[in-house]
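Here is how the chains run, residue by residue.
Protein chains: 2
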Amino acid sequence: MGRPKGYERDTVLDAAMELFWLKGFEATTTRELVDHLGLNRNSLYTEFGSKRGLYDAALRHYERRWLDRNLGPLERAEARLEDIEGLFHHYVSVARRTGTQKGCMMANSIVELAPVDVVAKQGAHRFLERARTAFQNALENGRAAGELRSSVDSRTEAAFFASTWLGMLVLLRAGSPAETLESVADRAVSYGRSLAA
Amino acid sequence: MGRPKGYERDTVLDAAMELFWLKGFEATTTRELVDHLGLNRNSLYTEFGSKRGLYDAALRHYERRWLDRNLGPLERAEARLEDIEGLFHHYVSVARRTGTQKGCMMANSIVELAPVDVVAKQGAHRFLERARTAFQNALENGRAAGELRSSVDSRTEAAFFASTWLGMLVLLRAGSPAETLESVADRAVSYGRSLAA
DNA sequence: GAGGTTAATAACCGATCGGTTAGTTATCAA
DNA sequence: TTGATAACTAACCGATCGGTTATTAACCTC
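Just so you know, the sequences run in chain order A and B.
-8 is the number of the first residue of the first sequence in the numbering used here; add one for each residue after it.
-8 is the number of the first residue of the second sequence in the numbering used here; add one for each residue after it.
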């Protein structure tokens, strides 16, 4: 009942994600948002409550839309060392393909908001824990499959992979040349193989 | 001639650096700045021209004040593998010591400004090049001293170290526990040693 | 087709933003 | 002591910020 919405929430979140991803939270104005999102000012506030409410929704949208896709393979029960390699190589291809430099919205959110916003900080910790767990899962499954030496401490190694990956996300955001990303990925991959049985 | 300044430029830059470092460029207001810097509004604009002028000066101040200290050892002609290890361990101790999470102002600047600001992007590339070169210098000096295998590609390895280090800076900014940073540093150090002759 | 309901429109709000201007105060040289 | 210079104070500026408030338009049910 009532007038139907002239927008689709998912489409709006896509556009909001793009804007916040590129420019960050503070530098994105509500005017820009209403101009690009396909909904009017009033609907923005009735649907999302506030600029920050929209940002948080866009960030969750990003997690579903991108992180699930990128980290997903490492989180499967069948994950292996090659899935870690795939992740690193994926970001090299992103660097090679992309024009604009957006990096990772979640990493951007950490840097911009985590130190001064308790909600963002919690989201950051959830994300970092997820990433480390994903790497760890792939390592442990790989070890169970006999790919890795039994002596490797998967939790520690996972933290190392996660940190290198985070660094790549910053390099991506800086617009570093793809060759740099490739160097990092190559070394990360060869490090992973050095853990092999 | 004329009335003497009631502030010292270096003191002002220290305070501006702290504020911009913690909160970023956009979220720091000129009111906050004049409240904490020990100079008045008018002097801020005659001395630095604009909010952005002050930010850029504060960022250069950060480079002198912190990056020179942290990267300096790796840039010496006598730099060795142990200087790389020292850098990684240094950031673990920062994580263990610190209450607030500021990370690295330069890394924060990359994430916040590089994609939408050509000046910031140039600064980012200068910084990243400096970091990679520092690692590379330590590696090549180490190799010349017989510490490293002659087969290692110092440029590629340096990019890898730099990325892992960048990741640590993000972890620091997220307020990750010191143990996480320690895991990363330990693995980075042991990776460095795996390059030994 | 009338009444109820909800979204779209657009004018509007106080607050705060980065930045400027007018006038006062402190120092120097002569 | 006076005049030039430069930094101080503080009031002020238009623009823009995030958010709200009527009012109108589009849909449903009965």
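None of these hints come from the bench; they were simulated from the model.
Wrong hints could be hidden among the right ones.
It does not matter which identical chain is meant; a pair holds if it fits inside one copy or across any two.
Below 27 Å or equal to it, Euclidean Cα-Cα: the simulated DSS-like pairs (lysine-lysine) are [said to hold, decoys possible]:
{"hint": "1", "residue 1": "Lys(-4)", "residue 2": "Lys112"}
{"hint": "2", "residue 1": "Lys(-4)", "residue 2": "Lys93"}
{"hint": "3", "residue 1": "Lys(-4)", "residue 2": "Lys42"}
{"hint": "4", "residue 1": "Lys14", "residue 2": "Lys93"}
{"hint": "5", "residue 1": "Lys42", "residue 2": "Lys14"}
These are the hints, each one checked on the structure:
Neither within a single protomer nor between protomers do Lys(-4) and Lys112 lie at most 27 Å apart by alpha-carbon distance, with minima of 34 Å and 41 Å respectively. Taking the shortest Cα distances, Lys(-4) and Lys93 never come within 27 Å of each other, neither inside one copy (30 Å) nor across copies (43 Å). Taking the shortest alpha-carbon separations for Lys(-4) and Lys42, only the intra-copy value of 19 Å comes in at or below 27 Å, while the best inter-copy value is 42 Å. Taking the shortest alpha-carbon separations for Lys14 and Lys93, both the intra-copy value of 8 Å and the inter-copy value of 20 Å come in at or below 27 Å.
Within a single copy, Lys42 and Lys14 get their C-alpha atoms as close as 14 Å, and across copies as close as 19 Å, so both meet the 27 Å cut-off.
Taken one by one, the earlier hints fail for this structure at numbers 1, 2, listed in ascending order.
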